[in-house]
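J.: Sequence:
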Amino acid sequence: MAKRRCADISTLDELFNTLIQKRTVLAKNAGFENYRDYKFKQMGRFDYTKESCFEFHEAVEQHIVPLVKKIQQQKLDTMGKTIFSPWDTAVNAEGKAPLKPFQSGQEMLNGTIAVFEKINPEFASFLKTMEKMKHLDLESKPGKAPGGYNYPLYETGAPFIFMNAVGSQGDLSTMIHEGGHAIHSFLTHDLELTAFKSFPSEIAELASMSMELLSMDYWNEFYDETDDLQRAKKEQLQGTITILALDRAN
0 MAKRRCADIS
10 TLDELFNTLI
20 QKRTVLAKNA
30 GFENYRDYKF
40 KQMGRFDYTK
50 ESCFEFHEAV
60 EQHIVPLVKK
70 IQQQKLDTMG
80 KTIFSPWDTA
90 VNAEGKAPLK
100 PFQSGQEMLN
110 GTIAVFEKIN
120 PEFASFLKTM
130 EKMKHLDLES
140 KPGKAPGGYN
150 YPLYETGAPF
160 IFMNAVGSQG
170 DLSTMIHEGG
180 HAIHSFLTHD
190 LELTAFKSFP
200 SEIAELASMS
210 MELLSMDYWN
220 EFYDETDDLQ
230 RAKKEQLQGT
240 ITILALDRAN
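Quick note on numbering: numbering that gives the first Met the number 0 labels position 36 of the sequence shown as 35, and the sequence is numbered without any gaps.
These are computed hints drawn from the structure, not numbers from a lab.
Beta carbons are placed, not taken as given, at the ideal position from N, Cα and C, and that holds for glycine.
Possibly wrong hints are sitting among the right ones.
Pairwise CB distance ranges, derived in the manner of DEER restraints [claimed, not checked]:
id, residue 1, residue 2, range
1, K38, Q73, 35 to 45 Å
2, M78, K140, 28 to 38 Å
3, E224, L66, 22 to 32 Å
4, Q73, K131, 23 to 33 Å
5, Y148, Q73, 31 to 41 Å
6, A1, F45, 37 to 47 Å
7, A1, A92, 18 to 28 Å
8, T225, F55, 49 to 59 Å
Construct the complete structure from the given sequences, taking the supplied hints into account.
T.: Here's what the structure looks like:
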């Protein structure tokens, strides 16, 4: 797979350069010096500036990148390697079998409701409402499209969650993540304008990714073994940290 992608590097580079040129012309025709400034205006970003982004990038480079490199080096040392192969990044360095926090979609849902109950009973009630309304399609089955998402339904305020659960820790994180989006949908239902309920990614993902972290203290609903629980938490934190530095730590 990696070799096939590498075969198209030149083509993709040329395509990207062409895209930059066209976007620059678009921005200048609209009276901006560059596409970045044009896009800030187009997306209605008024509560932070490009300088805020520069400061954030610098903070990631100074504080997060060294931590990610340390995590990566520890994994390489454990695996007895000096460089990652593409297939090394998603496996357990010690060769342990994947975590299996649940067996069925219903068990995953019940556990997630129990976790949300401990954070805030109202959050749990939202998932119960979705279950009652049959707004959950969680199980993996033949022919089902891949992926997972929460889709807001503005008329009722009760969203819909779609995913492909097979019992993995990644599925659990996805369920909790999409549950965070669902909570966001419920809590913004009373906003007067529907347009106010459609959020840019930096706001939408704040609700979902924060829920992944807020829920960690209650993952014992899924894990009886302390070692498995600690491993799940460690992998979650390492994954979150790595996302922040994804384009700078390699």
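J.: Next step is simple, just say for each hint if it's right about the structure.
T.: Hints, verified against the model:
1. K38 to Q73: 35 to 45 Å: At 38 Å between Cβs, range holds.
2. M78 to K140: 28 to 38 Å: 35 Å, holds
3. E224 to L66: 22 to 32 Å: Given about 27 Å between the Cβ atoms, the range holds.
4. Q73 to K131: 23 to 33 Å: 46 Å, violated
5. Y148 to Q73: 31 to 41 Å: 33 Å, holds
6. A1 to F45: 37 to 47 Å: 41 Å, holds
7. A1 to A92: 18 to 28 Å: Because 20 Å falls inside the window, the suggested range holds.
8. T225 to F55: 49 to 59 Å: 36 Å, violated
In this structure, the hints that do not hold are numbers 4 and 8, in rising order.
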